[in-house]
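Trainee: Each chain is listed here by its residues.
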Amino acid sequence: MTTATAAPLLEIRGVSKVFGSVIALQDISTTVGAAAVTCVLGDNGAGKSTLIKIFAGVHRHDGGDFLLEGEQVSFSSPREALDAGIATVYQDLAVVKLMPVWRNFFLGSEMRKGRGPIARLDTDAMRKIAKAELLAMGIDLRDIDQPIGTLSGGERQCVAIARAVYFGAKVLILDEPTAALGVKQAGVVLKYVIQARERGLGVIFITHNPHHAYPVGDRFMLLKRGRSLGDFAKSEITREELTGLMAGGAELEALSHELQQGGGAAAEAAQQIEAEAHDLAIPSGVAAGTPPKA
Amino acid sequence: MTTTLSPPTPEADERVARVGLLRRLVLRPEIGSLIGAVILFVLFAVSSTQFYSLAGISNWLDPASLFGIMAVAVAMLMIGGHFDLSAGVLTGTAGLATAVMTTQWGLNIWAALLVSLVLCLGIGFVNGYLVTRTGLPSFIITLATFLMLQGLNLAVTKLITGTVSVGGMAQVPFYDTVRPLFASRINVFGVDFKIQILWWVLVVAIGAWVLAKTRFGNWTFAVGGDPVASRNIGVPAARTTITLFMAVGACAWLVGTLKLMEQTSVQTNQGFGEELIYIVAAVIGGCLLTGGYGSVIGAAIGALIFGMTSQGIVYAGLDSDWFKFFLGAMLLLAVLANQYVRRYAERSGK
Numbered sequence: 001m002t003t004a005t006a007a008p009l010l011e012i013r014g015v016s017k018v019f020g021s022v023i024a025l026q027d028i029s030t031t032v033g034a035a036a037v038t039c040v041l042g043d044n045g046a047g048k049s050t051l052i053k054i055f056a057g058v059h060r061h062d063g064g065d066f067l068l069e070g071e072q073v074s075f076s077s078p079r080e081a082l083d084a085g086i087a088t089v090y091q092d093l094a095v096v097k098l099m100p101v102w103r104n105f106f107l108g109s110e111m112r113k114g115r116g117p118i119a120r121l122d123t124d125a126m127r128k129i130a131k132a133e134l135l136a137m138g139i140d141l142r143d144i145d146q147p148i149g150t151l152s153g154g155e156r157q158c159v160a161i162a163r164a165v166y167f168g169a170k171v172l173i174l175d176e177p178t179a180a181l182g183v184k185q186a187g188v189v190l191k192y193v194i195q196a197r198e199r200g201l202g203v204i205f206i207t208h209n210p211h212h213a214y215p216v217g218d219r220f221m222l223l224k225r226g227r228s229l230g231d232f233a234k235s236e237i238t239r240e241e242l243t244g245l246m247a248g249g250a251e252l253e254a255l256s257h258e259l260q261q262g263g264g265a266a267a268e269a270a271q272q273i274e275a276e277a278h279d280l281a282i283p284s285g286v287a288a289g290t291p292p293k294a
Numbered sequence: 001m002t003t004t005l006s007p008p009t010p011e012a013d014e015r016v017a018r019v020g021l022l023r024r025l026v027l028r029p030e031i032g033s034l035i036g037a038v039i040l041f042v043l044f045a046v047s048s049t050q051f052y053s054l055a056g057i058s059n060w061l062d063p064a065s066l067f068g069i070m071a072v073a074v075a076m077l078m079i080g081g082h083f084d085l086s087a088g089v090l091t092g093t094a095g096l097a098t099a100v101m102t103t104q105w106g107l108n109i110w111a112a113l114l115v116s117l118v119l120c121l122g123i124g125f126v127n128g129y130l131v132t133r134t135g136l137p138s139f140i141i142t143l144a145t146f147l148m149l150q151g152l153n154l155a156v157t158k159l160i161t162g163t164v165s166v167g168g169m170a171q172v173p174f175y176d177t178v179r180p181l182f183a184s185r186i187n188v189f190g191v192d193f194k195i196q197i198l199w200w201v202l203v204v205a206i207g208a209w210v211l212a213k214t215r216f217g218n219w220t221f222a223v224g225g226d227p228v229a230s231r232n233i234g235v236p237a238a239r240t241t242i243t244l245f246m247a248v249g250a251c252a253w254l255v256g257t258l259k260l261m262e263q264t265s266v267q268t269n270q271g272f273g274e275e276l277i278y279i280v281a282a283v284i285g286g287c288l289l290t291g292g293y294g295s296v297i298g299a300a301i302g303a304l305i306f307g308m309t310s311q312g313i314v315y316a317g318l319d320s321d322w323f324k325f326f327l328g329a330m331l332l333l334a335v336l337a338n339q340y341v342r343r344y345a346e347r348s349g350k
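Heads up: the sequence lines are chains R and D, in that order.
Numbering-wise (UniProt numbering), the first sequence opens with residue 1 and increments by one.
Numbering-wise (UniProt numbering), the second sequence opens with residue 1 and increments by one.
Since the hints were made in silico from the structure, they are not lab data.
Honestly, I wouldn't trust all of these hints.
The calculated lysine-lysine pairs, modelled on BS3-like cross-linking and capped at a C-alpha distance of 27 Å, are [unchecked claim]:
hint, chain 1, residue 1, chain 2, residue 2
1, R, 113, R, 97
2, R, 191, R, 97
3, R, 191, R, 128
4, R, 131, D, 213
5, R, 191, R, 131
6, D, 213, R, 113
7, R, 234, R, 184
8, D, 213, R, 97
9, R, 128, R, 170
10, R, 128, D, 213
11, R, 131, R, 113
12, R, 131, R, 170
In isolation and in its complexed conformation, chain R is listed as follows (with noise of 0.2 Å):
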């Protein structure tokens, strides 16, 4: 699958943010095309919130180009992207844990019937569509007036996921969809990535973990310290080498020498990393993070 349409979905070109002094993001370039998973890689502090933000209308972009469908765009508020269909599923998964499911489903788009000042929630029809949605995407709730918080991590975020696609988002950014869940929980939610891209969506599919990256993704960013290291279409980059560059091969090997001076139990791990970081094989250059040439 390409994404090197004509116009893709969703493009930034170098795309930076400063907040006062601090450079937050510079000259960072992706693309996102329709029924295809663009992911963003990076350790912690890489730049990855502050991109998503930059998409979701949180932040304002300072440099660059950021087009949706071909068109500059540049938005003021949450609520303008999501107009425009870009749907952000944050880490908080922007649920309220007290609220029931379907009131969760449907917050901010709620369903109304009646006119004037006797418009009122239609909850009956909320209450079904959000229980048939949620079937569609594989969650069979046993009760849609449970309140959200009661839910696994995985299950809150299929419920988001579920919600961006019923409002018919275009663009579907997933902020760490996986981080706080066990392998299994994991698997489900890799899964709707798969079904949110089947059913046309572009989706943005942030994470520090390139085995779940690499099943999924068509398309990978890695971000490194508000620095792009490299845009690779998943024909032009294998697991090995997207781990290798995530990682830090260089990285890795001088942590295994520190923990091999622990001795014990440390030494055994440093020998772990250190076979790691070999069987890694990528060129030192870039594992060091250094930026590669413009």
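Following the hints, put chain D in place on chain R, whose structure we already have.
Mentor: Relative to the frame of chain R, chain D by itself:
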């Protein structure tokens, strides 16, 4: 939102049946206050036959209704995640403004009522705007407005009238056109009930409907439950918060007007100290101090408990000096009961 006694219908999920009626009932925020109110009613009724006579009921509905109107607005604000400490003295500001404009400046009484309504809404707006704009705790912001209003009520009134009260509303032209709406009596089997009770019922009904059935109510729960999440999902959080503060202003105007028209005079210290009782009523009614959960019907029952206790102590032949002690004890009981209920709900929720 309703609890039905009927067995689950065939198409209902079979796993839902495990959630018993008891748990459903217990999960309602107002259930604790309802049980408390029933127990109190029985206790007072046993100790005095006067308590449940029509005259007695009229007597304790009287304070309950005024506190109840405010408790509804304050409960909604608390569900929305905020406090308003200025709500009590704002009832005084409303009454004083109307009284000064009519008796001192000769303004038409209806026009004066309208101006003081706008004033109360405006103060509510300022509270809400400052809270949303600065992100400071509403406790601090409204503590400031509470003190400023308290000072203004006294200073401005003394400046204009030279005394600490404004009277003579009965002599104001067209007072008799306003009176039926705010200070009339309804005769039920030979006993007079004040019209403010009907206002209370109306405010409770509107509040309950808005919370359960409207988009604004949904936003209120959301903003109180998780302000950041609701903003991210597209809820106009600031607008919701400001509107809730303005609703408190509107209710304060209503209560101030009801008192003014009933007593035909107003003291500069009116409403001082009552702001805490509104919060007590809301908390007894099941509102969480942290927001996102609660009920206006519960708050109304909380106000009812307040009214019953204040009069019931007298009927029971106890010294009314004990009243505040009982109120405090009930608040403690209510908070403990609510906490226990919530844990029970969470435990069996999985």
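Trainee: If a hint holds in the structure, say so; if it doesn't, say that too.
Mentor: Comparing the hints with the structure gives:
With a CA separation close to 26 Å, the supplied pair residue 113 (chain R) and residue 97 (chain R) stays within the 27 Å bound. With a CA separation close to 24 Å, the supplied pair residue 191 (chain R) and residue 97 (chain R) stays within the 27 Å bound. Only pairs whose Cα atoms come within 27 Å are accepted, and residue 191 (chain R) paired with residue 128 (chain R) is accepted, the gap being roughly 24 Å. Straight-line distance between C-alpha atoms of residue 131 (chain R) and residue 213 (chain D) comes to about 19 Å, which keeps the hinted pair within the 27 Å bound.
Annotation: proposed proximity of residue 191 (chain R) to residue 131 (chain R) holds, straight-line Cα distance about 19 Å (limit 27 Å). A hinted pair counts as satisfied when its Cα atoms are at most 27 Å apart, and residue 213 (chain D) with residue 113 (chain R) qualifies at roughly 10 Å. Taking the CA atoms of residue 234 (chain R) and residue 184 (chain R), the gap is near 25 Å; set against the 27 Å cutoff, the hint holds. For a cut-off of 27 Å, the pair hint linking residue 213 (chain D) to residue 97 (chain R) stands: about 19 Å separates their Cα positions.
Restraint check: the Cα-Cα separation between residue 128 (chain R) and residue 170 (chain R) comes to about 24 Å, which is no more than 27 Å; the hinted pair holds. As the CA atoms of residue 128 (chain R) and residue 213 (chain D) are separated by approximately 16 Å, the hinted pair is consistent with the 27 Å bound. For the proposed pair residue 131 (chain R) and residue 113 (chain R), the alpha carbon gap of about 19 Å is at most 27 Å, so the pair holds. Taken as a hint, the residue 131 (chain R) and residue 170 (chain R) pair is honoured in the structure, with Cα atoms around 22 Å apart against an allowance of 27 Å.
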